[in-house]
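Peer 1: Given next are the chains, with one letter for each unit.
2 protein chains.
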Amino acid sequence: MNRILGFLGPQGTFSHEAAQSYIDSRVKNEPMNKAYLLKDFYTIREVLLGLKNNEIDEAIVPIENSLEGAVNVTLDILAEEDGLYIVDEHIIPINLNLVAKEGTLPKDIKVIISHPQPLGQCRNYLNDTFQAIVQLEESSTSKAAQRVAAGDGTYAAVASSIAAKMYGLQILNSNIQDAKNNYTRFVVLSKAMKNKTGRDKTSIVFSTENRPGSLYKILDIFSLWDINMTRIESRPAKNVLGQYIFFIDIDGHINEQDVSDALTMVRRKTSFYRFIGSYPTFDCPYDV
Amino acid sequence: MNRILGFLGPQGTFSHEAAQSYIDSRVKNEPMNKAYLLKDFYTIREVLLGLKNNEIDEAIVPIENSLEGAVNVTLDILAEEDGLYIVDEHIIPINLNLVAKEGTLPKDIKVIISHPQPLGQCRNYLNDTFQAIVQLEESSTSKAAQRVAAGDGTYAAVASSIAAKMYGLQILNSNIQDAKNNYTRFVVLSKAMKNKTGRDKTSIVFSTENRPGSLYKILDIFSLWDINMTRIESRPAKNVLGQYIFFIDIDGHINEQDVSDALTMVRRKTSFYRFIGSYPTFDCPYDV
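Sequences listed follow chains A and B, in order. Per full-length UniProt numbering, the very first residue in the first sequence carries number 1; after that it's consecutive. Per full-length UniProt numbering, the very first residue in the second sequence carries number 1; after that it's consecutive.
I should point out that these hints are in silico values taken from the structure, not numbers from a laboratory. Worth double-checking, as some hints may not be accurate.
Since the list gives no way to pick out one identical chain from another, each pair is judged satisfied if it fits inside one copy or across any two copies.
[Unchecked claim] Calculated pairs, DMTMM-like style, for lysine to aspartate or glutamate (alpha carbon to alpha carbon, straight line, at most 20 Å): (1) 269 / 220; (2) 52 / 128; (3) 52 / 220; (4) 165 / 178.
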């Protein structure tokens, strides 16, 4: 039976590009006798609920962009939902384009539409180039391109070149992101944990007691066990302003003794703790 | 001469409410012989550039919400711009309402408009109640309410009750935010630093060398000096994926010897460092 990989649709989104790129890299690295099928969902939450409800075997969702930072909705669901594990990560370059209907001139544009993440990624460009223009949020870059195609020539979208091609739009300006190094890291989730590969990292989420130095004490545990922390991200605990949950990535696999021992101690010293997965560190073909 | 306080407009936004509430609390706590005038700007960036260019004396901007987390654009500008100091903080409760034209029924609604922050703050409510509805981003909740008032009765906005009143809209549902404790923390900025009050906190931003344990070593400094860290927030460094800058709040004023000594050491041990201000901790009248 084929494996089904869910992603944030519709066709033509950067998530679609990432899903295809991930499948290509897996087929290349480990020839499989199972083919992958793709299934698109309307929101990131639906992708992950689809995995929980066994509609799909794996889910690929964005977790972090090099310009705009964490994808909050993904982090929040990972903190809420039990039994979903990160089994892989995948990084793709994001090239943003300003696209419009054939014949639209920059001076005609009154409204710019996109997903909030890409709007944030070219915030300076948009503010400098189109000062008093309305920015509209859509659920995906692809939907934004679709709306521009159906519009009256005063709309433009920030979208992928694939989406421009799909909806017959012209690219007015390419690579409009504020910094050149625009990459998005995706994580692949499954209901089964991933075995050790020898080049792994581990993700956890926890909250500490609201006492002075409580986060420091947790980081102290990693220091004691000589475990390298590669990332820390905080999100509001959502009950009280000024209380946070922390997402931490460390080097190593949960099945390694040091990692296992350190995480046992972290679990005991935190008021909330969840293991989100051990998975191979992405072997990046580009210079991120 | 009157002092001018800049905020994210237009009239009727939560930022407007915060600006008015801040002025009221200042007048109450320390009777002033100068009156405050309010000036609205189109974006958070413009508010802060207005302060930089001496168009206003102080700026009030949102920095953190108890549900949706950090306000990224505010943090990014604080990291970029030199010579702007936080001189105060102010917290207000955020009550979100679903508002529409008189006579609109929930089943008529096809599009929901708001600023991305409030859309995120009631994400679960919107996803559960209006599954396949388009969400549009506007530059403010007030602008969103204005568009709904001008619309054809298939639009609704997530907005303040003030905005609903301003644009003659009915409130279909109130307090629709996903968690009851919805508060936004604002910071007040000035070009002059604030004197010690005895109940202060200090904000800094820095990046560390990309070496194992480098963040831990910085937190170690605060631990050595017995300084309590109340908040840590990371943002992407924007040059390389996986590199971050950190915003940290600690108890105490830069003019206290311990704080000053610790920050001198932090400055020496970081590749980028900026002091953002020492200011009185908000004396909260509500149970946040």
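Peer 1: Go through the copies and call it for residue 52 and residue 220: within, between, both or neither, with a Cα cutoff of 20 Å.
Peer 2: Neither: 34 Å inside a copy, 40 Å across copies.
Peer 1: When Cα atoms must be at most 20 Å apart, do residue 52 and residue 128 count as within-copy, between-copy, both, or neither?
Peer 2: between (43 Å within a copy, 17 Å between copies)
Peer 1: Indicate which option fits the pair residue 165, residue 178 if close means a Cα-Cα distance not exceeding 20 Å: within, between, both or neither.
Peer 2: neither (23 Å within a copy, 38 Å between copies)
Peer 1: Reference check for the pair residue 269 and residue 220, CA-CA at most 20 Å: within, between, both, or neither?
Peer 2: both (11 Å within a copy, 18 Å between copies)
The earlier numbered hints that this structure contradicts are 3, 4.
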